[in-house]
Amino acid sequence: MNYNWNWGVLFEDPYYGWLLSGFGWTVAVALSAWCIAFSVGCLVGIGRTVPNPTIRAFCTAYVELFRNIPLLVQMFLWYFVLPEILPDDMGRWMKRDMPNPEFTTAVLALGFYTASRIAEQVRAGIEAVPAGLAAASTAHGFSTAQTYRYILLPISLRLIVPPMTSEFLTIFKNSSLALTIGLLELLAQSQQISEYTFQGFEALTAATVIYVSIALIGTVIMQLLERFTFIPGYVGKGG
Amino acid sequence: MGDFDFGVIIQSLPFLGEGMLLSLWLTFLAIIGGIILGTLLALARLSGIAPLSLLAAGYVNLIRSVPLLLVLFWFYFLVPLALGRPIGSFYSALIAFVMFEAAYYSEIMRAGIQSVRRGQVQAGQSTGMNYWQIQRYVVLPQAFRNMIPILVSQGIILFQDTSLVYVVSLQDFMTSSSIVAKTEGRLVEMYVFAAFVYFVICLTGSIYVRRLKERISV
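First to last, the sequence lines map onto chains A and B.
In our numbering, each residue's number is its place in the first sequence (first place is 1) plus 519.
In our numbering, each residue's number is its place in the second sequence (first place is 1) plus 269.
Calculated directly from the structure, the hints in this document are not laboratory data.
Take these hints with a grain of salt, some might be off.
Unchecked claim - Under the rule of at most 20 Å between Cα atoms (straight-line distance), these lysine to aspartate or glutamate pairs were calculated in the DMTMM-like manner:
| hint | chain 1 | residue 1 | chain 2 | residue 2 |
| --- | --- | --- | --- | --- |
| 1 | B | K482 | A | E603 |
| 2 | B | K451 | A | E603 |
| 3 | B | K451 | A | E583 |
| 4 | B | K482 | A | E583 |
| 5 | B | K482 | A | E646 |
Build the full structure now, drawing on both the sequences and the hints.
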């Protein structure tokens, strides 16, 4: 194995800047997609537990649809297919005038895909709340909305913080798929550096180190959140 | 938007079929390799030998904190360099998938091994079995059985993930669809068709997993 080591390349102009901007895009995609994923995921997850069968069926269909198509295919559907099947004006706008088309598409695809995974966690969290609590609130004359607002959601959203941690970290990893539609995020930049300099080992190592650091920082933040949202005497595991 | 052209799909079915065979073959080999390596990692992690379990834990945590695409690029770049000759993207991708999935399978197998009650191991020891005999005849068969639904779900995820070999231009189902889409200029038809095929296969798989869970939980 003969290979010319040159770690310095990572700190040279312009490669250093490329890595930094790639990191910026990765974080931007992941955090924006998380906002969509969390809000849509909560709504769909709640929707799967409500008494109304139409809403339940619709939300189940959402989860099954988005979970059973690979994220890469979904990326392409949003990027290549959606502008074609939309009404002419909107399609043309998406293709020509939409600001940052790769970024926007990646955020939408990643957000709605992750929403289906979060919905499953939210549903599991709501179902983990002992049935007696919901029954008690009905007996007190709470409406369905009040039962969710005051009983089910405050408990279940705190119960699901640990599994949410892994979803939150997964969204950073999955954001790397944005490179397939041409967004120059972290991994794409590291590939580009390796093509320009032939220092593939260094470029990939840099990307690896940054991804691992993101995971470590994310884990620490979520652990703090976990401690903060911990329900005393409740999380003895298994409800 | 033009009319949806089924002709282009039918015309390219043999080509897409070859791609699908490669996807399934890659999934199959990666599941087998991933489960074997993952089980070894889980055993190493639970072995109680500090350096061994630290090494296994370090490996699993490292792999689980980076994207699959990065691992694919790593092996696509490293394997030819280490061997000194190109071996084609199929084997690079296969090695990458086995190494990547092993980390996830090892977490599943670890949970499976821990779900076997301690008394079983002690019973094995008291009948004079050695470590490997206990694992082979007592622990692992039960661990596998308890974890079958999760192992299968992970297999479905793995099948979806094989679409990522697109980035190293390996001609699986996804790459084939994309080749046809670009050469025929039929992006809408091909990507909708690809989504439909993946959806049907994965939905069938997840319904099967649900049945398995119900059968086991009773």
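Restraint check for K451(B) with E583(A), where alpha carbons must lie at most 20 Å apart
violated (29 Å)
Does the alpha-carbon distance linking K451(B) and E603(A) stay inside the 20 Å limit?
Judged against 20 Å, a Cα distance of about 15 Å means the pair holds.
Check whether the Cα positions of K482(B) and E583(A) lie no farther apart than 20 Å.
holds (17 Å)
Straight-line alpha-carbon gap K482(B) to E603(A), limit 20 Å:
Roughly 41 Å separates the two Cα atoms, so the pair is violated.
Given the hint that K482(B) pairs with E646(A), does the C-alpha gap stay at or below 20 Å?
holds (17 Å)
In summary, the structure is inconsistent with hints 1, 3 from the numbered list given earlier, while agreeing with the others.
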